[in-house]
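So you can see what is in the structure, the chains are spelled out below.
There are 2 protein chains.
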Amino acid sequence: MEKVLVVKSIDELRAKLKEYNGKTVGLVPTMGYLHKGHASLVEKAREENDIVVVSVFVNPIQFGPNEDLETYPRDLDRDIEIVSSSGGDIVFAPSVEEMYPEKAEVFVDLESEIGEKLCGESRPGHFRGVMTVVSKLFNIVGADRAYFGQKDAQQVTIIEKMVRELNFPVKIVRCPILRESDGLAMSSRNVYLSAQERSEATVLYKSILRVQREFESGEHRVEKLKEIALEEIGKSPIAEVEYVEILDSRTLGNIERVNGPALMAMAVRFGKTRLIDNCLLEV
Amino acid sequence: MEKVLVVKSIDELRAKLKEYNGKTVGLVPTMGYLHKGHASLVEKAREENDIVVVSVFVNPIQFGPNEDLETYPRDLDRDIEIVSSSGGDIVFAPSVEEMYPEKAEVFVDLESEIGEKLCGESRPGHFRGVMTVVSKLFNIVGADRAYFGQKDAQQVTIIEKMVRELNFPVKIVRCPILRESDGLAMSSRNVYLSAQERSEATVLYKSILRVQREFESGEHRVEKLKEIALEEIGKSPIAEVEYVEILDSRTLGNIERVNGPALMAMAVRFGKTRLIDNCLLEV
Numbered sequence: 001m002e003k004v005l006v007v008k009s010i011d012e013l014r015a016k017l018k019e020y021n022g023k024t025v026g027l028v029p030t031m032g033y034l035h036k037g038h039a040s041l042v043e044k045a046r047e048e049n050d051i052v053v054v055s056v057f058v059n060p061i062q063f064g065p066n067e068d069l070e071t072y073p074r075d076l077d078r079d080i081e082i083v084s085s086s087g088g089d090i091v092f093a094p095s096v097e098e099m100y101p102e103k104a105e106v107f108v109d110l111e112s113e114i115g116e117k118l119c120g121e122s123r124p125g126h127f128r129g130v131m132t133v134v135s136k137l138f139n140i141v142g143a144d145r146a147y148f149g150q151k152d153a154q155q156v157t158i159i160e161k162m163v164r165e166l167n168f169p170v171k172i173v174r175c176p177i178l179r180e181s182d183g184l185a186m187s188s189r190n191v192y193l194s195a196q197e198r199s200e201a202t203v204l205y206k207s208i209l210r211v212q213r214e215f216e217s218g219e220h221r222v223e224k225l226k227e228i229a230l231e232e233i234g235k236s237p238i239a240e241v242e243y244v245e246i247l248d249s250r251t252l253g254n255i256e257r258v259n260g261p262a263l264m265a266m267a268v269r270f271g272k273t274r275l276i277d278n279c280l281l282e283v
Numbered sequence: 001m002e003k004v005l006v007v008k009s010i011d012e013l014r015a016k017l018k019e020y021n022g023k024t025v026g027l028v029p030t031m032g033y034l035h036k037g038h039a040s041l042v043e044k045a046r047e048e049n050d051i052v053v054v055s056v057f058v059n060p061i062q063f064g065p066n067e068d069l070e071t072y073p074r075d076l077d078r079d080i081e082i083v084s085s086s087g088g089d090i091v092f093a094p095s096v097e098e099m100y101p102e103k104a105e106v107f108v109d110l111e112s113e114i115g116e117k118l119c120g121e122s123r124p125g126h127f128r129g130v131m132t133v134v135s136k137l138f139n140i141v142g143a144d145r146a147y148f149g150q151k152d153a154q155q156v157t158i159i160e161k162m163v164r165e166l167n168f169p170v171k172i173v174r175c176p177i178l179r180e181s182d183g184l185a186m187s188s189r190n191v192y193l194s195a196q197e198r199s200e201a202t203v204l205y206k207s208i209l210r211v212q213r214e215f216e217s218g219e220h221r222v223e224k225l226k227e228i229a230l231e232e233i234g235k236s237p238i239a240e241v242e243y244v245e246i247l248d249s250r251t252l253g254n255i256e257r258v259n260g261p262a263l264m265a266m267a268v269r270f271g272k273t274r275l276i277d278n279c280l281l282e283v
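Here the protein sequences line up with chains A and B, keeping their order.
Counting in the numbering used here, the first sequence runs from 1 upward without gaps.
Counting in the numbering used here, the second sequence runs from 1 upward without gaps.
Okay, chain A solo, but in the shape it has when bound:
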């Protein structure tokens, strides 16, 4: 295909994909307002599949009542251009009514420490909404592979667990975080930041770099590494830390020392904007 096909209905998407029976399909689920991070997922999917579907859907059931569902940035025309230039074939951009014709009452959820830590604590119901919509997308698209960014580390860990436990016939591909030239992790929400906030938000990556440095110099005590991160983030007077955690990267369980692969993850508010970032620490 040369031109990106934009599909808004589930039936139309299924009919289209049926034409490609036998070809491999890669799915990149997104909430739109795409940036280079998303583009890198689409490019990866392009390398590995015959057909690349990018879904653009701001999923209401993963937002809490006081979150930014209404103001979440949207620009479908720009998204289509980015998908096109990254090698995607189909943009699936359903309406809320198409995805939820009835009030959602069937959910995929998890009862696990993995869902209660980090963003699970501050955003109750968030991962239930994510798992439910991703299940719907898997069932609609029937993809062979699905691409998720490591930026949302807890999300991709949970999706991998869901795929494993519910036997979804799809391979999850984790893709690395993309960063702006000053290190800020790319995010659709960065557009919310004022000039000052945007400038100060660089403390997140600075804290990651400093922790990585200390870790490589032999500091493996979690409390100490967290202190270092908090000190670095504290250099911004407007940064409000929601959490900084270092956890077992597979189970998201608490650890006291980094002996195996660990995830350092943080959520920090700058004004009204909540940013997340993370890195892996491996011995």
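A few of these clues could be false.
No copy labels: a pair is met if it fits in one copy or bridges any two.
[To be verified] Listed next, the in silico EDC-like pairs over lysine to aspartate or glutamate satisfying Cα-Cα at most 16 Å (straight line):
(1) 103 to 113
(2) 117 to 105
(3) 171 to 11
(4) 18 to 144
(5) 226 to 248
For the record, the hints were derived by calculation from the structure and aren't laboratory data.
With chain A's structure known, arrange chain B on it following the hints.
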């Protein structure tokens, strides 16, 4: 295929089904100890699909702590014969370890009146277990059609809702209740009944017949129809009624009069054995 293929591993089943790419697949999910009711599902699937898979799996997560998981009757050799004589191609009989290699922590669940009524009230967690295992089976088999008995009316209503909301690419086929010559609905659990219990359990179908007769004679008041059913069931001194309900058959919501399609459903204990039965009442 002439002989039934018995498969115990998910990977082997998937590999086998991949060989039949392009053929239609019908799935009959069962807990085994098959009877003519199951056989009728397999025969229906045989008529409508190229390949018929019958799963035989006593799903632990749909049993409550005080229920009959341990004693639930099992006889795989007999099941294979029944599948064979009903025209099935593959028996998928995984172990508990194959289906749940880790402790189950990801569940499909519903938050709806539909799940809280009838068996949902007396068997908390039951439908969550059913929805979760059926999701797994759908994902493993990738069936075009799946066959469920109307005997478990609430179950099939919930599965239909799940398929609709989560967009599973499968068509649910409801099949009628099969009955013994004296009217008792066929069930794997009938084997639990003593001779006396077996004889008295016929009050269930007698109550259904009497309610249907009164309904056809113009009695549409739900309270009155329930009274008639309870009176008929009460003719067995050992029958212990768990519920007798008449509800909107689509939403399972309460009604006072039968104006649209309604479901009369009952759960009654005879000794230690809990039996369910139901019928549709339509104007």
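Consistency of the hints with the structure:
| no. | hint | in the structure |
| --- | --- | --- |
| 1 | 103 to 113 | between (28 Å within a copy, 13 Å between copies) |
| 2 | 117 to 105 | between (24 Å within a copy, 15 Å between copies) |
| 3 | 171 to 11 | between (24 Å within a copy, 14 Å between copies) |
| 4 | 18 to 144 | both (14 Å within a copy, 13 Å between copies) |
| 5 | 226 to 248 | within (14 Å within a copy, 57 Å between copies) |
Hint compliance for this structure: every hint is met.
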